[in-house]
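There are 2 protein chains.
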Amino acid sequence: MRLTVNLVDRKYDVIVEAGSIGHIKEYADLRRKVMVVSDDGVPAEYVHSVLSQAEKGFSVVVAKGEISKSLHGYETVLHALLNNKFTRHDCVVAVGGGVVGDLAGFAASTYMRGISFINCPTTTLSQIDSSIGGKVAINFDNTKNIVGAFYQPECVIADTATLKTLPRRHYINGLVEAVKAGLIADEKLFEVFEKNDIERNLEEIILRSLNVKKNIVEQDEKESSLRAVLNFGHTIGHAVESLHMDEWYHGECVARGMIPMTEDKDTVIRLKAVLSRLGLDYRITDDPQRLFDIMTHDKKAGSDFITAVKVRKPGQVRLVRISYPQLRKIVEEAVK
Amino acid sequence: MRLTVNLVDRKYDVIVEAGSIGHIKEYADLRRKVMVVSDDGVPAEYVHSVLSQAEKGFSVVVAKGEISKSLHGYETVLHALLNNKFTRHDCVVAVGGGVVGDLAGFAASTYMRGISFINCPTTTLSQIDSSIGGKVAINFDNTKNIVGAFYQPECVIADTATLKTLPRRHYINGLVEAVKAGLIADEKLFEVFEKNDIERNLEEIILRSLNVKKNIVEQDEKESSLRAVLNFGHTIGHAVESLHMDEWYHGECVARGMIPMTEDKDTVIRLKAVLSRLGLDYRITDDPQRLFDIMTHDKKAGSDFITAVKVRKPGQVRLVRISYPQLRKIVEEAVK
Numbered sequence: 328m329r330l331t332v333n334l335v336d337r338k339y340d341v342i343v344e345a346g347s348i349g350h351i352k353e354y355a356d357l358r359r360k361v362m363v364v365s366d367d368g369v370p371a372e373y374v375h376s377v378l379s380q381a382e383k384g385f386s387v388v389v390a391k392g393e394i395s396k397s398l399h400g401y402e403t404v405l406h407a408l409l410n411n412k413f414t415r416h417d418c419v420v421a422v423g424g425g426v427v428g429d430l431a432g433f434a435a436s437t438y439m440r441g442i443s444f445i446n447c448p449t450t451t452l453s454q455i456d457s458s459i460g461g462k463v464a465i466n467f468d469n470t471k472n473i474v475g476a477f478y479q480p481e482c483v484i485a486d487t488a489t490l491k492t493l494p495r496r497h498y499i500n501g502l503v504e505a506v507k508a509g510l511i512a513d514e515k516l517f518e519v520f521e522k523n524d525i526e527r528n529l530e531e532i533i534l535r536s537l538n539v540k541k542n543i544v545e546q547d548e549k550e551s552s553l554r555a556v557l558n559f560g561h562t563i564g565h566a567v568e569s570l571h572m573d574e575w576y577h578g579e580c581v582a583r584g585m586i587p588m589t590e591d592k593d594t595v596i597r598l599k600a601v602l603s604r605l606g607l608d609y610r611i612t613d614d615p616q617r618l619f620d621i622m623t624h625d626k627k628a629g630s631d632f633i634t635a636v637k638v639r640k641p642g643q644v645r646l647v648r649i650s651y652p653q654l655r656k657i658v659e660e661a662v663k
Numbered sequence: 328m329r330l331t332v333n334l335v336d337r338k339y340d341v342i343v344e345a346g347s348i349g350h351i352k353e354y355a356d357l358r359r360k361v362m363v364v365s366d367d368g369v370p371a372e373y374v375h376s377v378l379s380q381a382e383k384g385f386s387v388v389v390a391k392g393e394i395s396k397s398l399h400g401y402e403t404v405l406h407a408l409l410n411n412k413f414t415r416h417d418c419v420v421a422v423g424g425g426v427v428g429d430l431a432g433f434a435a436s437t438y439m440r441g442i443s444f445i446n447c448p449t450t451t452l453s454q455i456d457s458s459i460g461g462k463v464a465i466n467f468d469n470t471k472n473i474v475g476a477f478y479q480p481e482c483v484i485a486d487t488a489t490l491k492t493l494p495r496r497h498y499i500n501g502l503v504e505a506v507k508a509g510l511i512a513d514e515k516l517f518e519v520f521e522k523n524d525i526e527r528n529l530e531e532i533i534l535r536s537l538n539v540k541k542n543i544v545e546q547d548e549k550e551s552s553l554r555a556v557l558n559f560g561h562t563i564g565h566a567v568e569s570l571h572m573d574e575w576y577h578g579e580c581v582a583r584g585m586i587p588m589t590e591d592k593d594t595v596i597r598l599k600a601v602l603s604r605l606g607l608d609y610r611i612t613d614d615p616q617r618l619f620d621i622m623t624h625d626k627k628a629g630s631d632f633i634t635a636v637k638v639r640k641p642g643q644v645r646l647v648r649i650s651y652p653q654l655r656k657i658v659e660e661a662v663k
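Line by line, the protein sequences give chains B and Y. With my numbering applied, the first sequence corresponds to residues 328 to 663, in that order. With my numbering applied, the second sequence corresponds to residues 328 to 663, in that order.
Looking at chain B on its own, in the form it has when it is part of the complex (with noise of 0.2 Å):
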């Protein structure tokens, strides 16, 4: 199945599909030096089919992890594209998860100010989450993304067959990306979760999933106000995961965060039994205080409110000011 985003100067194709990475010189131009970046945890097969398809194939494997979203690693690809001669012609493509796709996407903006770039993302969440956005970045400095950039593809090819060597918790932690889309602006694809069998309609679930956010993305392309919904369950979201940094997903702890930010109470109860099928915990056991301060630690001084993203029912999203007292309250609630 195919997804064209249209963007402001220019657009392009995400491919979802599986067996995709098998023929993807179908939907890329790959006559050219192509340079496959992906980390030693992606399975070498589909490092190796794309650089069978390539005219000219060159590779790059950097450590497995958040590690190699660093400055080093972004020197280890552009020593890999200077030193095989890329020119602007040439093209980098991805192969792996979120941090392959934004280490390889964020040499490819910057190396001759920019080639292309095309991205195979392998995991769930970066199927769902970095196919479309066209957001790529390095941590610096203890700094998650602090440096990176706005880079669009020159197309996505996700291949859903990849997703079936995932760990069972790795698989869990992108879908709840798709839950997500689905509480925001796509009621259809929240049931799915509730009625259907999940592993069956994957590629479905993934192209909804694309479609709420191309349509965000679309109408707001470099991060003002509207694509802020995609934030739902992060507020709270975060600050558990700075307090479990190291013991659970991503997506494990926009579980814990969509709740509280969750309205209707029915709604909360359909999200509470769809992480359930899912086999998430979505409790919260922190204390209070710390994730309130965690929360408010980055605003401004004299500021005494947050922005937040709150659902109401599947679909209907808005973002609300939260005072403190308020966001204090509902941290409490949620701790219960």
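Because the hints were derived from the structure by calculation, they are not lab data. Predicted model only: the values in this text are computed from it and were never measured. Keep in mind that a hint or two might mislead.
Note: identical chains are not told apart, hence a pair may lie in one copy or across any two.
Simulated crosslink set (BS3-like; lysine-lysine; CA at most 27 Å straight-line) [what the hints assert, rightly or not]: (1) K471 to K522; (2) K471 to K383; (3) K663 to K640; (4) K360 to K471; (5) K412 to K471; (6) K656 to K637; (7) K522 to K491; (8) K637 to K541; (9) K656 to K640; (10) K637 to K522; (11) K383 to K599.
Starting from the known structure of chain B, fit chain Y onto it as the hints suggest.
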């Protein structure tokens, strides 16, 4: 004098005015955090002048020279921004020559995926050459400008009073770009160099040069063919430069490179007179074979021509394919 550059999705002003740094806040919004980036060759009074007008001023000073246009210099600026908690609403102000503008601009283009960038070029070369075009970059692995971005400044403040403190040779170096602009697109500008007092007409010279570049860049923002005419004098000039890196300035090499690419004999005589008036030596004394080898070194295997820019008379410019034997002949005649 104010020049407005109109690009596809935004526009910005270039102010050309003696003393403009002294009241920069009238042109640029400094009611936020302002990081002034300069090098230790830039008179401190310019930096202090900007800082004194900023609501919250910070400053980072790198070492003078090309060495700072590096990944290390980039890290230095990023650290300064991050340590001082700059947000996406704050700004970077470059005060210095091309190195400072390129480095600060690249940091601004990638910090938080892009924050405001205000450029105050303080050399003739940077006022003429880097004020318009939106090309920012650093060097990497001994390769010039290999990592960078197309990133437009919020505004450019070209304070012509800063040029008075430049060493004469440095000052003349930049004027070669103005001579080049006159030759490719503005005969009146070329005539200023032939007939008028250069010091007294400095603002006009810079403004006219910027206008030439503006017209080209507005039509061709991302550097395809049209913009290539700005490379007039660079084919042979770059080859000469690579043999005299530590000895001659860029403009001194471009001056040498323009003559062999000027077709009309009368115009060659006029050009030589202008270069002499500026005190520039335009003779090439290198081995023609070495120059030829350098010019053809980076070309694709199997290609047997280069694309170069030729000027017939001032304002009459064209891109031409030059076969290797023709190129060889041009170089030999240039060295005679």
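Status of each hint after checking the structure:
1. Proximity of K471 and K522 under a CA criterion of 27 Å is satisfied in neither setting, with 36 Å inside one chain copy and 58 Å between copies.
2. Taking CA atoms no more than 27 Å apart as the test, K471 paired with K383 passes between copies only; the shortest distance there is 25 Å, against 34 Å inside one copy.
3. Within a single copy, K663 and K640 get their C-alpha atoms as close as 23 Å, which meets the 27 Å cut-off; across copies the closest is 82 Å, which misses it.
4. Proximity of K360 and K471 under a CA criterion of 27 Å is satisfied inter-copy only: 21 Å between copies versus 31 Å inside one chain copy.
5. With identical chains, the CA atoms of K412 and K471 are at most 27 Å apart between copies only, with a shortest distance of 14 Å across copies and 30 Å within one.
6. Proximity of K656 and K637 under a CA criterion of 27 Å is satisfied intra-copy only: 15 Å inside one chain copy versus 73 Å between copies.
7. Proximity of K522 to K491 under the C-alpha cut-off of 27 Å is restricted to the intra-copy arrangement: shortest distance 21 Å within a copy versus 76 Å between copies.
8. In this assembly of identical chains, K637 and K541 lie within 27 Å of each other by CA distance solely inside one copy; the values are 20 Å within and 47 Å between copies.
9. In the homo-oligomer, the alpha carbons of K656 and K640 lie at most 27 Å apart inside one protomer (21 Å), although the nearest pairing across protomers, at 77 Å, exceeds that limit.
10. Within a single copy, K637 and K522 get their C-alpha atoms as close as 24 Å, which meets the 27 Å cut-off; across copies the closest is 70 Å, which misses it.
11. Taking identical chains as interchangeable, the C-alpha atoms of K383 and K599 are never at most 27 Å apart, the minima being 50 Å within one chain and 47 Å between chains.
Checked against the numbered hints given earlier, the structure breaks hints 1, 11 and satisfies all the rest.
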